[in-house]
Amino acid sequence: MYGTTPTNTQIAELMERGQLHIDPFEPENLKLAHYRLRPYQLWTPGPQLEDGSHMRTFAHDFRDGPKKFLPNQYLVVTPVEHITITGYLVGSVLPASTLVEQCFALTAGKLDPGYGRLGGRKQEFIMGIKNMLDEPNYFHPERGIANISFVDFRGTRFQEPQWTAAEKDDFRDREHRA
Amino acid sequence: MDGQMLSNAQILDCLERGVITLEPFDHRNLRLAHYRLRPSQLWRPSHQLPDGSHQRTFLHDFGDGPYEFRPKEYLVVTPLEHVTIHGNLVGSMLPASTLVDQCFSLTAGKLDPGYGNIGEQKQDFIMGLTNLLDKPNWFHPGQGVANIAFTDFRASKVLPTSWSIDERRIFQDRERRRRAEDDGPFYDEEI
Numbered sequence: 001m002y003g004t005t006p007t008n009t010q011i012a013e014l015m016e017r018g019q020l021h022i023d024p025f026e027p028e029n030l031k032l033a034h035y036r037l038r039p040y041q042l043w044t045p046g047p048q049l050e051d052g053s054h055m056r057t058f059a060h061d062f063r064d065g066p067k068k069f070l071p072n073q074y075l076v077v078t079p080v081e082h083i084t085i086t087g088y089l090v091g092s093v094l095p096a097s098t099l100v101e102q103c104f105a106l107t108a109g110k111l112d113p114g115y116g117r118l119g120g121r122k123q124e125f126i127m128g129i130k131n132m133l134d135e136p137n138y139f140h141p142e143r144g145i146a147n148i149s150f151v152d153f154r155g156t157r158f159q160e161p162q163w164t165a166a167e168k169d170d171f172r173d174r175e176h177r178a
Numbered sequence: 179m180d181g182q183m184l185s186n187a188q189i190l191d192c193l194e195r196g197v198i199t200l201e202p203f204d205h206r207n208l209r210l211a212h213y214r215l216r217p218s219q220l221w222r223p224s225h226q227l228p229d230g231s232h233q234r235t236f237l238h239d240f241g242d243g244p245y246e247f248r249p250k251e252y253l254v255v256t257p258l259e260h261v262t263i264h265g266n267l268v269g270s271m272l273p274a275s276t277l278v279d280q281c282f283s284l285t286a287g288k289l290d291p292g293y294g295n296i297g298e299q300k301q302d303f304i305m306g307l308t309n310l311l312d313k314p315n316w317f318h319p320g321q322g323v324a325n326i327a328f329t330d331f332r333a334s335k336v337l338p339t340s341w342s343i344d345e346r347r348i349f350q351d352r353e354r355r356r357r358a359e360d361d362g363p364f365y366d367e368e369i
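Protein chains in written order, with this note's numbering: chain V, 1 to 178; chain Y, 179 to 369.
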């Protein structure tokens, strides 16, 4: 058996069993095999740190409405939904197709098993959003930001993943900053 | 049963059964589990509408050859292939790896079941293509633009899906613009 993509029925079952949490959860945002994530807050990258990451300062809360991006501006965005994965699932994120006609691009990684909690604390999922235009551009939060789907590896043969030395350092750095 | 990614043999089977359409279809572009999409036309975003989207004006047809992007220019690209999905399948996009050595980036979403036609009209799949360089850069259409793969959920138990109010509004705004370009005002009930 190989990793397979859960349908909305199976995503709902995973949530009932506590192997996946999407909070807050809106049934209308659960599509055939994706959950539609909504943008929540924007953060401006500040000075660069030794590990290559950037400090972040709060820039905007989408409850206050759309945000006008500066030409070519890149900001960090957090979603409304807090996601935790406790089972052997991997979450993968696709940009919302509405970004294309809004002229924004998204940078997002994957969510590994265990994602969502760092030592008893909530782990935020961050993505990068960039205005692709040479002019100011409004981002409207109601148009969504990304879609998350999952690949289910429960019942498959796998080796327990190990962290590399670089990943451990990165984790320590993040913990230190938090 | 969970969703399974289709192999090329299964993609062909879906094409024969009309579950998926990819037109024009060229066998040479069908890989192990992907179909290579070719760029057709470029569109320049113009002024921003109240819903956040931008109007587009036609700029270039790749039938006329490569296109020279301005430094850091973002354009909307439509593929040559018209894709429709009739069954419980989802299409997902990966940028063509040739974009890396051409120094372009791609923004693309997914294709949901029912994708491809709105009412009687063809629904265009749009993607965003950006020149990542600070200097002019030619985009060559022969290198492709994206690869589409399909995940099949037809044998799976699925919940009925619905649109959120925001999604209905997006659809209504798009329809309104399409009709306004065609024959005048949009009379449907507001949400």
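One thing to keep in mind: the hints can contain errors.
[As the list claims (entries may be wrong)] Derived DEER-like restraints, expressed as beta-carbon distance ranges: (1) Y/298 to V/157: 31 to 37 Å; (2) V/112 to Y/191: 33 to 39 Å; (3) V/25 to Y/190: 37 to 43 Å; (4) V/122 to Y/191: 43 to 49 Å; (5) Y/278 to V/48: 33 to 39 Å; (6) V/56 to Y/295: 40 to 46 Å; (7) V/120 to Y/298: 53 to 59 Å.
Worth flagging that the hints you see were computed from the coordinates, not collected in a lab.
Small disclaimer: the values here were computed from a predicted structure and weren't measured.
Glycine is no exception: its CB is placed at the ideal position from the N, C-alpha and C atoms.
Hint check:
no.	hint	in the structure
1	Y/298 to V/157: 31 to 37 Å	49 Å, violated
2	V/112 to Y/191: 33 to 39 Å	34 Å, holds
3	V/25 to Y/190: 37 to 43 Å	38 Å, holds
4	V/122 to Y/191: 43 to 49 Å	45 Å, holds
5	Y/278 to V/48: 33 to 39 Å	25 Å, violated
6	V/56 to Y/295: 40 to 46 Å	43 Å, holds
7	V/120 to Y/298: 53 to 59 Å	56 Å, holds
Of the hints listed earlier, those the structure fails to meet are numbers 1 and 5, in rising order.
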